[in-house]
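Keeping their order, the protein sequence lines are chains P and U. The opening residue of the first sequence carries number 860 in the numbering used here; numbering runs sequentially from there. The opening residue of the second sequence carries number 1232 in the numbering used here; numbering runs sequentially from there.
Just so you know, these hints were derived from the structure itself, not from any lab. Incorrect hints may have been included.
As the list claims (entries may be wrong) - Per label pair, the in silico range of CB-to-CB distance:
(1) A969(P) / G1420(U): 45 to 55 Å
(2) L1492(U) / T989(P): 47 to 57 Å
(3) S1039(P) / S1354(U): 43 to 53 Å
(4) G1416(U) / Y873(P): 29 to 39 Å
(5) P1031(P) / P1437(U): 24 to 34 Å
(6) L1374(U) / T989(P): 27 to 37 Å
(7) G1416(U) / A890(P): 48 to 58 Å
(8) G920(P) / S1354(U): 56 to 66 Å
(9) T989(P) / V1311(U): 46 to 56 Å
To be verified - A few chain P residues facing chain U, derived, Cβ under 10 Å:
(10) R938
(11) D949
(12) N950
(13) F952
(14) F963
(15) R968
(16) Q1018
(17) I1021
(18) S1090
(19) A1093
Values in this document were obtained by computation on a predicted structure and should not be read as measured data. Positions of the beta carbon are idealized from the N, C-alpha and C atoms, including for glycine.
What follows is the residue order along each chain.
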Amino acid sequence: MAGIIDVQDLKFTYSGQQRPALDGVSLSIPAGKWVAVVGHNGSGKSTLAKNILGLLEPESGSVEVAGMRLTADSVWDIRAEVGIVFQNPDNQFVGATVADDVAFGLENRAVPRPEMLQRVDGALAAVGMTAFKNREPAHLSGGQKQRVAIAGVVAQRPQILILDEATSMLDPAGRRDVMSLIHNLKTQLNLTVLSITHDLEEAASADQIIVLDNGKIVRSGTPETIFAHGSQVAEWGLDVPYSEDLKERLAAAGLQMPLTYTDEERLADYLWTLNSTK
Amino acid sequence: MSKMILGRYIPGDSFIHRLDPRTKLLATFYYIAIVFLANNWVSYLFLALATLAIIPLARVSFRFFLRGLLPVLFLIVFTVLIQIFFTTGGQVYWHWGWFTLSSAGLINAAYIFIRLVLIIFMSTLLTLTTPSLSLADAVESLLKPLAAIKFPVTEVALMLSIALRFVPTLMDQTSKTMNAQRARGVDFGSGGLVKQVKSIVPLFIPLFVSAFAMADDLATAMEARGYKDGYGRTRYRVLHYGRGDLLTLVVMAVLTLGLVLLRK
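Can you make the complete structure from the sequences, with help from the hints?
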């Protein structure tokens, strides 16, 4: 297969649980794409990410990342190609200062110190945190800590970035800020992004959305086709977009509405031309 | 509360601040050892003058040094009183039961007082000018030879630095939990001892649970970022001895020589 991440028939059960957290998941993510994985809490989203990184060991099925099949021998090489940003900004900050934290992944991979200094500075500049280089995490906001986590990924220079609900603990401003940063970095560094999210805006900006429910993929498609299911997306663990909610109510009132997903602006355009074209 | 645990580091860029933390740590220990060489007025005067000459180099207000005495004030007063009343020798001024006020007692008490104050000034100088992270680095570097006998120096150092890094996070968590429990009617810091201890229980259980969850998350994040063990890692933070460290060595040598010559 051609994807940079290929998952075949993946099955995983947490110890002490009857029901598998992942039950025969297969997916292929093409290089350079942004794929969002959505679903309720407990649908298996985060478990999927941890299986791809070899942080959890699959019961059956196979995982292939950047051309390497995931095994006990290849797991460290795979982790070098995948950067991950987790949900809680505090619980992934290892270093005692910003620069130390960015350097942590490089220290682990025994990058020579002169190169490390360069890469840390470069990564901090890329996320706009140079001024905070020697700060301690206690003096940073949640959004700033997530920027530092992203800088750690940038310094590592992976091909793939996984966001495990990376913006869910941030306020709306911090969330937008971090998302626009990731969008910029994706183009600059030619990353493939796998984002696990509840956030609708984040999912809407993806190339593809995969809906997980009870450890199974129940839907997969572009944001337009997924959001066209209207209020059903709420059942998949996403908030219904305001424009879709409005569209559904207007359709129920007897107006003819477009069947594909429309954002607020396009819906407004549609509505104000609706009666004039007739 | 967090101030107490994190030490009293005062940021600055003085000569003392720029010294290698290993130098400062070793020099402080060495100083504490040679203080005991002084045994007459001249040697104590020499030591006190030298110490008072070193302190301004840190460019930190002298207030902070006096404040450093407060936590041990009781110990100083107690030790001095014991010296005054229980040392015998020389001329006796006053006598009552076991208590004796003698010239030897007064002199000894004065010596002990100076000794304690000087030791505390010097260790305060260390903590005022050295962030705890640098001290952890210094300890790691000084323990390095122990790696030869399979002592996990790098692991211990990483543990130390993570522990320091998580102190404010845990403090934050504590105050959040306290507020959450207060909102549910728990009354901290009032009532008898038993009641106060009881009110701590609903604080500690959630705190432990969240600390374990935090540790689990952190371990996952560390593993995802390629952490295997302490071996084969390179270091971002390195320590370098400079000219100031050599100078410190000279100062310590002069101090030792002076004390040896001036003591009886």
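Evaluated hints:
1. Here the CB-CB span from A969(P) to G1420(U) is close to 50 Å, well matched to the stated 45 to 55 Å.
2. At about 53 Å, the beta-carbon gap between L1492(U) and T989(P) stays in the expected band of 47 to 57 Å.
3. The given range of 43 to 53 Å is respected by S1039(P) and S1354(U), whose C-beta atoms sit roughly 49 Å from each other.
4. About 36 Å separates the C-beta atoms of G1416(U) and Y873(P), a value consistent with the hinted range of 29 to 39 Å.
5. In this structure the hint that P1031(P) and P1437(U) lie 24 to 34 Å apart at CB holds, the actual value being about 28 Å.
6. Remark: the range hint 27 to 37 Å for L1374(U) to T989(P) is upheld by a beta-carbon distance near 33 Å.
7. Against the hinted window of 48 to 58 Å, the Cβ-Cβ separation of G1416(U) and A890(P) comes to about 57 Å, which satisfies the hint.
8. Against the hinted window of 56 to 66 Å, the Cβ-Cβ separation of G920(P) and S1354(U) comes to about 60 Å, which satisfies the hint.
9. The hint said 46 to 56 Å for the Cβ distance between T989(P) and V1311(U), and at roughly 53 Å that hint holds.
10. The interface hint given for R938(P) holds, since its Cβ lies 5 Å from the closest Cβ of chain U, which is under the 10 Å cut-off.
11. Given the 10 Å rule on beta carbons, the hint for D949(P) holds: about 5 Å separates it from the nearest Cβ of chain U.
12. A cut of 10 Å between beta carbons decides the hint on N950(P): the least distance to chain U is about 4 Å, and the hint holds.
13. Because the beta carbon of F952(P) sits about 7 Å from the nearest beta carbon in chain U, less than 10 Å, this interface hint is met.
14. Using the Cβ-Cβ criterion of 10 Å, the hint placing F963(P) at the interface with chain U is satisfied: the shortest such distance is roughly 6 Å.
15. Given the 10 Å rule on beta carbons, the hint for R968(P) holds: about 5 Å separates it from the nearest Cβ of chain U.
16. Taking 10 Å as the C-beta cut-off, the interface hint given for Q1018(P) is violated, the closest approach to chain U being about 15 Å.
17. A least Cβ separation of about 9 Å between I1021(P) and chain U falls short of the 10 Å threshold, and the interface hint therefore holds.
18. Because the closest C-beta pair between S1090(P) and chain U is about 34 Å apart, greater than 10 Å, the hint is violated.
19. Proximity of A1093(P) to chain U is violated relative to the hint, the smallest CB-CB distance being about 28 Å (cut-off 10 Å).
Hints 16, 18 and 19, counting from the list given before, are not met by this structure.
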